[in-house]
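Enquirer: Now for the letters of each chain:
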Amino acid sequence: MSTQMQQLYQQVILDQSRARVGNTELLRDAAGSPHGYSHQVNPTCGDEIELETELREDGTIAVRWTGDGCSISMASASVLSELAAESSVAQMLEIEGAFHELMHSRGTMEADESILGDAAAFTGVSKFPARIKCALLAWMAFKDALNQAQAAREEKHNA
Amino acid sequence: MSTQMQQLYQQVILDQSRARVGNTELLRDAAGSPHGYSHQVNPTCGDEIELETELREDGTIAVRWTGDGCSISMASASVLSELAAESSVAQMLEIEGAFHELMHSRGTMEADESILGDAAAFTGVSKFPARIKCALLAWMAFKDALNQAQAAREEKHNA
Amino acid sequence: MFSRLRGDFPILDVRVGESPLSYLDSGATSQKPQCVIDTFVEYFQQRNAAVHRGAHSLAVEATDAFENGRIAAAGLVGGTPEQVCWTKNATEALNIVALGMDRASHGFGGDDAERFALAPGDSIVVTEMEHHANLVPWQQLAASTGAQLRWLPVTDSGELDLTDLDTIVDESTKVLAFTHVSNVLGTINPVDRLVQRARAIGAYVVLDACQSVPHMPVDFVDLDVDFAAFSAHKALGPTGLGALWGKSELLDALPPVLTGGSMITTVTMEETEFMPAPQRFEAGTQPVAEVAAFATAIGYLTEVGLDNVLEHEKELARVLLDGIGQIPGIHILGEAEDRIGTVAFDVDGVHAHDVGQYLDSQGIAVRVGHHCAQPLHRRFGVTASTRASTYLYNNVEDCTRFLTALAEVRPFFGVA
Amino acid sequence: MFSRLRGDFPILDVRVGESPLSYLDSGATSQKPQCVIDTFVEYFQQRNAAVHRGAHSLAVEATDAFENGRIAAAGLVGGTPEQVCWTKNATEALNIVALGMDRASHGFGGDDAERFALAPGDSIVVTEMEHHANLVPWQQLAASTGAQLRWLPVTDSGELDLTDLDTIVDESTKVLAFTHVSNVLGTINPVDRLVQRARAIGAYVVLDACQSVPHMPVDFVDLDVDFAAFSAHKALGPTGLGALWGKSELLDALPPVLTGGSMITTVTMEETEFMPAPQRFEAGTQPVAEVAAFATAIGYLTEVGLDNVLEHEKELARVLLDGIGQIPGIHILGEAEDRIGTVAFDVDGVHAHDVGQYLDSQGIAVRVGHHCAQPLHRRFGVTASTRASTYLYNNVEDCTRFLTALAEVRPFFGVA
Ligand SMILES: Cc1ncc(COP(=O)(O)O)c(C=O)c1O
Ligand SMILES: Cc1ncc(COP(=O)(O)O)c(C=O)c1O
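Protein chains in written order, with the UniProt record's numbering: chain A, 1 to 159; chain B, 1 to 159; chain C, 1 to 416; chain D, 1 to 416.
Worth flagging that the hints you see were computed from the coordinates, not collected in a lab. Don't take each hint at face value.
[What the hints assert, rightly or not] So these bits of chain D aren't anywhere near chain C, every CB distance computed over 10 Å:
(1) Ser-3
(2) Asn-68
(3) Leu-162
(4) Glu-337
[Stated by the list, open to error] Sample of chain B residues facing chain D (criterion: CB under 7 Å; computed from the structure):
(5) Met-5
(6) Thr-44
(7) Cys-45
(8) Gly-46
(9) Asp-68
(10) Cys-70
(11) Ser-71
We put the beta carbon where it would ideally sit given N, CA and C, even for glycine.
Let the hints inform the model, and build the full structure from the sequences given.
Expert: Right, here's the structure in full:
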């Protein structure tokens with residue numbers, strides 16, 4: 001077993017891929033607060049995620065998703081959901097940015113755990129170009145859905 | 001000057017390319033006897049020939065053509081017209097067959113002058129694959145036009 | 001013989017990390033023997049020029065290399081050299097047929113092309129096991145003409161379900177397009193039976209021969225298909241080259257799709273006349289070095305003998321099927337008897353991408369994903385699978401290395 | 001510098017019969033430096049695999065090679081890598097645009113594609129100096145949509161006649177397609193002036209950059225064109241590769257023509273969603289080795305410097321024009337000041353094919369015929385011409401050998 005494999009499949013990743021935090025039925029328009037929805041597909045392998053974000057009155061974000069994919073993509077969605085439960089919108093955007101940068105570093109970057117939390121466990125993924133998309137799939141969906149939720153909130157304000 | 005060039009551009013060819021026997025206005029439907037017409041283009045170089053054959057009552061063939069092309073293609077049309085003036089239909093078909101075979105021999109065949117007459121001067125052309133089409137252009141038109149003339153004669157007989 | 005020829009493939013000596021390479025992804029693209037690589041070098045060092053265009057000596061040599069490739073290809077798949085039209089890949093070849101029919105349906109190509117015209121009320125039949133390359137172009141043709149797209153289903157054992165053949169392929173059917181061999185299941189389909197039905201109702205037969213031509217003897221004339229497509233890169237040849245084969249009278253009547261230089265006779269500012277096949281489908285500068293290299297590949301394959309290749313692969317398939325069958329928690333997709341050395345499977349609780357990653361860490365290269373056959377995967381209730389596909393350079397050791405590693409996958413991911 | 005780099009091109013040492021080779025046919029296709037050939041060998045020996053598909057290490061390396069090629073190409077012509085779509089040749093690239101507009105005109109591509117729809121009353125403008133590749137596809141589009149095809153004429157000096165630009169390109173014009181540099185005359189066209197007019201009336205600009213990209217610095221972003229096409233094989237790269245460049249927002253909206261694997265997101269039996277550019281135009285297995293080799297070619301060209309290449313060619317053009325001018329009975333086609341090192345001419349009383357044959361017997365490779373520009377030749381009252389075209393590996397000696405032989409042509413054929 002190569003050490004690269006161990007770096008890639010950190011225990012956190014294997015655990016989270018089974019835990020699938022946030023993996024629950026989507027509410028779509030049944031959601032009470034302004035929300036957004038995104039469907040992302042990784043055409044290479046067929047991995048798919050449907051993810052929605054809801055911006056609650058109290059400033060917290062709810063993330064719900066369903067999906068099918070490899071351990072990296074499922075673990076990533078799970079970690080994202082965990083982080084979302086503990087973070088503000090601004091913090092999530094910071095994490096998203098840091099995560100994006102980390103993934104494109106091709107293994108040359110140290111992860112900043114103080115920002116990334118459990119998402120730092122994906123550092124090893126950045127050495128596997130074919131897997132970067134797996135790790136980013138949920139985050140792309142999140143960013144897209146969040147944009148929409150924010151737009152929906154705007155609209156509601158203006159209405 | 002390479003000997004291949006001298007073999008290619010035999011004096012007969014240079015002379016015939018200037019003589020252009022048979023190069024005269026086409027009669028088309030003004031021709032008295034059953035006739036055929038063919039237009040052939042060499043897409044590689046743009047060489048073109050329009051050629052018509054007329055099957056006279058006395059069994060002789062008249063060939064008329066207009067065209068634009070390299071010395072090989074023009075000389076070939078000229079030699080063809082000369083031969084047609086002296087030959088029967090059956091003889092022309094024999095010459096055509098022999099000429100076709102000679103051109104595709106890639107320089108491995110001796111020309112049979114007793115059949116080919118002046119057309120034997122094209123032996124050197126068969127060593128230049130890119131020029132074979134030039135030498136054959138008029139002959140393709142001849143064969144096509146002759147077929148049509150023969151069909152026209154049939155029709156006239158049956159009418 | 002097969003053990004000796006491994007030495008002809010330099011890439012097989014590459015190491016993946018600390019492991020030797022077992023390349024089991026020839027279904028995607030094949031590796032190249034040194035002689036094919038040498039042809040590239042020799043072509044570019046000694047005879048590179050534009051073909052069919054110059055009178056100069058290099059151009060003549062390049063044209064010879066190009067046209068000799070056509071002769072070699074006709075020798076491989078039957079028919080005459082004029083029946084072989086070079087394309088960039090098999091996908092282009094299949095598109096030429098579908099888009100040519102599209103153009104015919106919209107009035108291009110005159111009377112000759114009318115036979116290819118489709119309209120509402122007509123149907124196009126494909127199968128549920130098609131590669132996207134032999135599905136999407138027909139969807140597009142259906143959308144463009146109003147014809148209906150139908151398909152033959154696939155059985156649990158991974159074969160074509162022909163129970164309703166006579167109602168699915170009926171009088172309305174203008175085209176029957178199907179794959180000779182499935183790129184996922186490895187199944188060899190009964191071409192005869194399908195051609196017979198198509199002939200009975202007068203439909204054109206388009207054969208996707210991508211996975212047959214490299215792996216078994218194939219003769220399109222004997223099979224009596226109308227059009228066929230295959231790619232060089234899956235048959236020891238270079239990337240950037242495929243071929244469309246067709247009956248001459250059909251090729252000459254099909255309107256061309258890509259237009260431009262070298263496929264015309266006369267061009268004025270207003271209009272253009274096209275050459276007959278194969279040139280009519282070969283617009284612009286052609287992949288000449290690639291054709292030269294493919295001719296060498298064909299020579300190599302012919303020397304080995306495609307009947308031997310098939311037999312060799314059937315042996316490897318047996319080893320793979322038996323071995324996988326003994327590993328718990330693995331489901332093979334399709335278990336047809338008549339097959340090539342390609343096996344796809346699903347691992348309980350571990351996603352294909354993770355399976356592939358684990359195997360790669362041991363130097364074993366397989367393909368994971370939907371293999372450009374999403375509907376087929378959906379049919380088997382999965383979105384992705386892992387596929388091991390063999391070729392003449394694989395040996396039993398590749399298979400046992402693969403099987404050993406595969407047995408470790410579920411334990412590694414903690415699902416067994 | 002230029003004398004030294006000849007040694008990088010092994011084919012220049014080939015002998016034609018007893019003569020050394022002077023290759024003056026780079027307008028048709030260029031020769032390849034050893035480093036480009038080496039990349040092929042290295043790719044097939046060490047990293048060949050299908051791209052964008054496998055998780056295994058070879059596939060990752062192959063994908064890197066492929067995508068690095070895109071980055072290199074964007075470095076060469078401007079814009080971002082996603083703006084570069086690989087094609088089999090420039091002809092395919094131009095067809096993708098014309099046929100994509102055709103499909104948009106027939107309802108494909110939804111609302112996004114509507115902007116590309118043509119109908120009767122619209123016009124498409126080309127020029128009289130186009131290569132067939134940038135003429136025939138537009139004729140086909142006009143025929144398919146009912147739009148009118150118009151063209152800008154050419155002056156006696158071989159330049160675009162822009163006198164009536166504002167009436168030829170008018171409010172009805174949807175597309176203005178023209179060549180950056182004429183492959184026959186060598187003329188460099190005033191892109192600015194034409195783009196300005198197109199912008200004023202809102203037409204799309206399609207630039208045929210086949211003869212500019214290899215020979216001079218070109219930046220499509222600076223030129224502000226919408227689409228552009230060029231081919232690798234004319235720019236030291238391999239056969240079997242060209243590129244379509246476009247503005248991203250336009251590429252993403254243009255309906256794809258060739259459909260199949262690797263360009264889709266979701267496929268069901270009924271329908272398909274396409275990926276954005278560049279993948280949407282890259283159906284099927286791509287010319288990966290070719291892209292890797294082209295990346296090396298681009299590196300080589302960049303090292304030499306395309307401004308230096310242009311200067312070098314302008315010098316050679318001067319030698320050729322001056323020399324030909326001194327030989328009696330020869331008429332040069334077009335004498336534009338702003339040009340690359342390409343010169344076409346007509347020899348009084350000797351057909352181009354015979355001229356080429358004579359030059360070839362001295363080892364001088366030129367092109368003869370209509371050079372895929374029949375209308376331009378008709379404009380100059382000839383059906384064929386002889387063309388000498390230079391590149392960075394040519395030197396003054398090539399030109400003087402050519403001129404000496406050319407002076408012997410009319411005497412040899414007995415017309416002087
Ligand atoms: C100006 C011009 N346009 C288009 C083409 C076509 O390029 P390709 O043959 O690579 O498709 C060529 C070269 O043949 C050319 O010179
Ligand atoms: C069955 C089948 N059809 C079509 C294709 C497409 O071939 P290409 O990628 O060469 O266009 C493939 C391979 O990818 C295949 O396996």
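Enquirer: Now look at each hint and say whether the structure bears it out.
Expert: Status of each hint after checking the structure:
| no. | hint | verdict |
| --- | --- | --- |
| 1 | Ser-3 | 21 Å, holds |
| 2 | Asn-68 | 16 Å, holds |
| 3 | Leu-162 | 17 Å, holds |
| 4 | Glu-337 | 26 Å, holds |
| 5 | Met-5 | 5 Å, holds |
| 6 | Thr-44 | 6 Å, holds |
| 7 | Cys-45 | 4 Å, holds |
| 8 | Gly-46 | 4 Å, holds |
| 9 | Asp-68 | 5 Å, holds |
| 10 | Cys-70 | 4 Å, holds |
| 11 | Ser-71 | 5 Å, holds |
Checked against the numbered hints given earlier, the structure satisfies every one of them.
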